[in-house]
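Throw the hints in and build the complete structure from the sequences for me.
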Amino acid sequence: AQKITQTQPGMFVQEKEAVTLDCTYDTSDQSYGLFWYKQPSSGEMIFLIYQGSYDEQNATEGRYSLNFQKARKSANLVISASQLGDSAMYFCAMREGSPTDKLIFGTGTRLQVFP
Amino acid sequence: DGGITQSPKYLFRKEGQNVTLSCEQNLNHDAMYWYRQDPGQGLRLIYYSQIVNDFQKGDIAEGYSVSREKKESFPLTVTSAQKNPTAFYLCASSIVADSRQPQHFGDGTRLSIL
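Top line first, the protein sequences correspond to chains A and B. For the record, in the first sequence the residue sitting at position 104 is 104 according to my numbering, with numbers rising by one throughout. For the record, in the second sequence the residue sitting at position 102 is 102 according to my numbering, with numbers rising by one throughout.
It should be emphasised that the hints constitute simulated quantities derived from the structure, not laboratory data. For each residue, glycine too, the CB sits at the ideal point set by N, CA and C. One or more hints might be untrue.
[What the hints assert, rightly or not] Under the rule of at most 20 Å between Cα atoms (straight-line distance), these lysine to aspartate or glutamate pairs were calculated in the EDC-like manner:
1) A:70 / A:22
2) B:71 / B:54
3) B:71 / A:26
4) B:57 / A:96
5) A:73 / A:44
6) B:71 / B:38
7) A:70 / A:96
8) A:70 / A:56
9) A:73 / A:56
10) B:57 / A:101
11) A:3 / A:26
12) B:9 / A:44
13) B:57 / B:30
14) A:3 / B:59
15) B:9 / B:107
16) A:3 / B:30
[Stated by the list, open to error] Covered by chain B, according to a simulated footprint, are these stretches of chain A (three or more residues, beta-carbon under 8 Å):
17) 47–53
18) 84–97
19) 102–115
[Unchecked claim] Facing chain B, a subset of chain A residues (Cβ under 8 Å, in silico):
20) 12
21) 15
22) 43
Dropping the structure here:
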């Protein structure tokens, strides 16, 4: 069965610094996709970045990048130049294949950015 | 703008009562999902539907029911059989057959017991 593990319940970072949020996964599939979502205190889930298992390059989207290490089964999210608005819960998720296509989520990491 | 609308934002249920959570999307997505989130936890799948008039149970379907009569709509009913319904409920939608595409989420409904 597929599983996502996020071992950091909470992280603190100073404004303008970079921070890495850890995510490891377990799957026997050769083809899979990994997603990161941000959940502010208001509750909505905001899609941040995607990494496919066959992608040769690490994914980047603005200040977000993925440190994807396939052999180690890790997909860590790196947020550069942290902003106060980055304070939120961050979830790593893996998309299960057919037929459900559901997302399997980790337990999340609460990031707090301080001035 | 395209998106997913969930209503109401807050909902209170009395003992023995069924309540229905609304989810509407105008993204023209075929697949829709209902997830439940408990405090300090990730999301768990309740039900999903990939086509109109068809839906499947997820990991925690007991005490819940759904319908998919229209492509745009996927309402969730929390029945009296669900003994611990207090949670945050999120609806999502996505394009079928493109695993690279993310699921898009609504703003959620917080359900509490009176």
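Evaluated hints:
A C-alpha spacing of about 14 Å is found between residue 70 of chain A and residue 22 of chain A, which places the hinted pair at or below 20 Å, so the restraint holds. Note on residue 71 of chain B and residue 54 of chain B: the hinted pairing holds, with a Cα-Cα distance of about 11 Å set against a maximum of 20 Å. About 33 Å separates the Cα atoms of residue 71 of chain B and residue 26 of chain A, which puts this hinted pair outside 20 Å; it is violated. For the hint linking residue 57 of chain B to residue 96 of chain A, the alpha-carbon distance of about 15 Å falls within 20 Å, and the restraint holds.
Proposed proximity of residue 73 of chain A and residue 44 of chain A is contradicted: the alpha carbons are some 28 Å apart, above 20 Å. Between residue 71 of chain B and residue 38 of chain B, the direct Cα distance comes to roughly 28 Å. Violation of the 20 Å bound is thereby established for this hinted pair. With a CA separation close to 17 Å, the supplied pair residue 70 of chain A and residue 96 of chain A stays within the 20 Å bound. Of the pairs offered as hints, the one joining residue 70 of chain A and residue 56 of chain A holds, with about 10 Å between alpha carbons and a cut-off of 20 Å not exceeded.
About 15 Å separates the Cα atoms of residue 73 of chain A and residue 56 of chain A, which keeps this hinted pair within 20 Å; it holds. For the proposed pair residue 57 of chain B and residue 101 of chain A, the alpha carbon gap of about 13 Å is at most 20 Å, so the pair holds. Restraint check for residue 3 of chain A and residue 26 of chain A: the C-alpha separation of about 5 Å stays at or below 20 Å, so the hint holds. A hinted pair counts as satisfied when its Cα atoms are at most 20 Å apart, and residue 9 of chain B with residue 44 of chain A qualifies at roughly 11 Å.
A distance of roughly 17 Å separates the Cα atoms of residue 57 of chain B and residue 30 of chain B; the hinted pair therefore holds under the 20 Å criterion. Using a Cα cut-off of 20 Å, the hinted pair residue 3 of chain A and residue 59 of chain B holds, with the two alpha carbons roughly 14 Å apart. For the given pair, residue 9 of chain B sits about 8 Å from residue 107 of chain B by alpha-carbon distance, which is consistent with the 20 Å threshold. Restraint check for residue 3 of chain A and residue 30 of chain B: not satisfied, since their Cα atoms lie roughly 26 Å apart, outside the 20 Å limit.
Counting residues of the stretch 47–53 of chain A whose beta carbon lies closer than 8 Å to any beta carbon of chain B gives 3, which meets the minimum of three for the stated coverage. Using a Cβ-Cβ cut-off of 8 Å, 4 residues of the stretch 84–97 of chain A lie near chain B, which meets the minimum of three, so the contact claim holds. For a cut-off of 8 Å, the count of residues in the stretch 102–115 of chain A with a CB near a CB of chain B stands at 6, and the three-residue condition holds. The restraint placing residue 12 of chain A at the interface with chain B is violated, with a minimum CB-CB distance near 18 Å, outside the 8 Å limit.
Here the hint on residue 15 of chain A is broken, as its CB sits about 26 Å from the closest CB of chain B, past 8 Å. About 4 Å separates the beta-carbon of residue 43 of chain A from the nearest beta-carbon of chain B, less than 8 Å, and the hint is met.
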